[in-house]
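Participant: Sequence lines, in order, name chains L and U. When the letters of the first sequence are read in order and numbered with my numbering, they come out as residues 1 to 403. When the letters of the second sequence are read in order and numbered with my numbering, they come out as residues 404 to 630.
It should be emphasised that the hints constitute simulated quantities derived from the structure, not laboratory data. Treat the hints loosely; a few may be bogus.
[What the hints assert, rightly or not] Derived DEER-like restraints, expressed as beta-carbon distance ranges:
no.	chain 1	residue 1	chain 2	residue 2	range
1	U	F544	L	G359	52 to 58 Å
2	L	F21	U	K434	54 to 60 Å
3	U	G519	L	F345	32 to 38 Å
4	U	R446	L	L25	51 to 57 Å
[Unchecked claim] The calculated lysine-lysine pairs, modelled on DSS-like cross-linking and capped at a C-alpha distance of 30 Å, are:
no.	chain 1	residue 1	chain 2	residue 2
5	L	K7	L	K17
6	U	K463	U	K531
7	L	K152	L	K174
8	U	K534	L	K7
9	L	K7	U	K491
10	L	K7	U	K412
Note that the Cβ used here is the ideal one computed from N, Cα and C, for glycine as well.
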Amino acid sequence: MIVELIKIAFNNLGSNKLRSFLSMLGIIIGVSAVIAIISIGQGATYRIRSRVSSLGSGLIIVSPGFKGGKAGKVSTEVRDVFSLELAADLAKGSPDVEEVVPSINSGALLKYKDNNYQARMVATTPGYIRVLNCSVERGRFLLERDVEGFRKVAVIGQGVASELFPGEDPLGKKIIAYFGKRRLIFEVVGVLAHKGQMMFFNFDEQIYVPITTVMKRAAGKRYVDLYLIQAKDADKAESAAMEVEFLLTRKLKDPDLFRIRSQEEVIETVKQITSTMILMLAGIAGISLVVGGIGIMNIMLVSVTERTREIGIRKALGAKRSDILLQFLIEASVISFIGGVVGLFLGWIVSAVVSHFTGWPIIISPLSIVLAFGFSVGIGLIFGIYPARKAALLNPVEALRYE
Amino acid sequence: MEEVLFELKNVKKVYRVGEVYVPALRDVSLKVERGAFIAIVGRSGSGKSTLLHILGCLDKPTEGDFYLDGENILEASENRLASIRNRKIGFVFQQFNLLPRMTALENVETPCIYAGVKRRERIERARKVLKKVGLEEERFFHYPSQLSGGQRQKVAIARALINDPAIILADEPTGSLDSRSGDEILKIFQRLNEEGRTIILVTHEQYVAEYAGRIIRLKDGYIEDEK
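Only chain L is shown next, with the shape it has when bound in the complex:
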């Protein structure tokens, strides 16, 4: 019986191809939008997460808080809290912390012979390379003795190396760095391996120098900008962050003086933002599915009216109400099912094209396929019920008289 009804449905749809296609169009657009949006969204999330975690797992960043901002005062970043001693205290005082790396970041104009280059200067300690998961390509990274001896040595990123030393070996060369009103000469001792853009900074366009050198010889600073903290392992990141928060609150006596961000938090935020975006876009796509459903209902209503006589004939030949109901329901679901299949392929093609241009991976989860399919057939059924019921309840005599 069902087989015959499906055959009848295909027969009817085939006899009016353009109309069938147009009524499918809404579902096709809706399903392909849902599939494409979900897969692109998941691909983007995956990409961002893998980028964030390539910074090294279990990373915690402590940065200064803001003071003031009340009663009409402009809020300013707190600058005089993070000392090198405090960094050492944190490393000692929290059992889940592996390492605390202080860092001062500023812009610097680098000069070598006639070449110059505007880079970010990161004044830090040897732990930096471990905490941020970087590796040295040539030479070496900063060493303890560089920090202890306020030595004027520098390690440069790939971008800096290629801009300042085109066709030359940078190792052992002296570069002049201008930052603020100071001028310092550094000897290049190492070049980092390519890492590229992570979050807000590009590792390849930075120059790394001992933190003490900058504090003592140049800026005359007593405080650093931020602490990069490595937890013992990724699982302990949360407890390490709590320990750091506890210690800092006790030492500084003011929780507003600092902010703690963990990498997990960043990933969580990214996840939240992307899933909200996906939800919103999928909601819009869902609306187009509903509009598609209304299109199907419209066509089915027209079809029922057009085929009133056929319904009368079928009833005279012994079709029950349920037979007629089923025939029209199947027809509606066949439209939406085919629309779903076509939409699935279209959505896949769209996400493949997007992934080709963005380099994001295509992630089409089975769940989204099931969801899109279930949704489209469900919509066919829901919006098919009213026209089908209308057909089923037609009076056979009146239907037979219908011209």
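Chain L is fixed; fit chain U onto it per the hints.
Facilitator: Only chain U this time, still in chain L's reference frame:
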């Protein structure tokens, strides 16, 4: 005594057209024996089609009693009526009422689908009845638009016969045909009657009524006279 197949007692049928109630049958009592060949005649608007629809269980009377094969039709459910139409009754219409997008064979099969007969047997039965009504085999896969009026009516009769019903109801079966095809169709009805099937046909042509054993003349919703 012969077995009574149809029994109508004081049947009334009123249609509602907008706000107005139009009586189609005012008071009809009728008994039809199994194996009868009856013609219902009368002018248009006399209620003959309404009577045929009631006899065919397409419509229920507004008032009165109606028994088919001893079964009270007024109390039958919608599904039961569909099943009676499917198995006990075969309809033939003036406008043939074939489904245009199906071949002759598929049209004939349709009642079998609703009876739940398997495909193989359906096709076998359809071929048999099509041969029986005399449709040439090369026309089995033609669509109704490719057939002449007489051929279409043969397909319609074959469709009415496929579930081997005891009753054939025909509404002006020759009304859209030339007299030669009409005669051919009437001969088929005659043969079906000889097989023991009960035939009731509605017509307004005197020569068609001649084939029947009994003629019921309707006027304004009453039975005017009977021969």
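Participant: Could you run down the list of hints and mark each one as holding or not?
Facilitator: Hints versus structure:
1. F544(U) - G359(L): 52 to 58 Å: This hint holds: roughly 57 Å between Cβ atoms.
2. F21(L) - K434(U): 54 to 60 Å: 56 Å, holds
3. G519(U) - F345(L): 32 to 38 Å: Roughly 37 Å apart at Cβ, these two residues keep to the hinted range, so it holds.
4. R446(U) - L25(L): 51 to 57 Å: Given range 51 to 57 Å: holds, Cβ gap about 52 Å.
5. K7(L) - K17(L): Given that 30 Å is the threshold and the Cα spacing comes to 15 Å, the pair holds.
6. K463(U) - K531(U): 33 Å, violated
7. K152(L) - K174(L): Cα-Cα ~10 Å, so holds.
8. K534(U) - K7(L): The given pair, whose Cα atoms are some 26 Å apart, holds under the 30 Å limit.
9. K7(L) - K491(U): Given that 30 Å is the threshold and the Cα spacing comes to 27 Å, the pair holds.
10. K7(L) - K412(U): Not satisfied, since the Cα-Cα distance of roughly 44 Å exceeds 30 Å.
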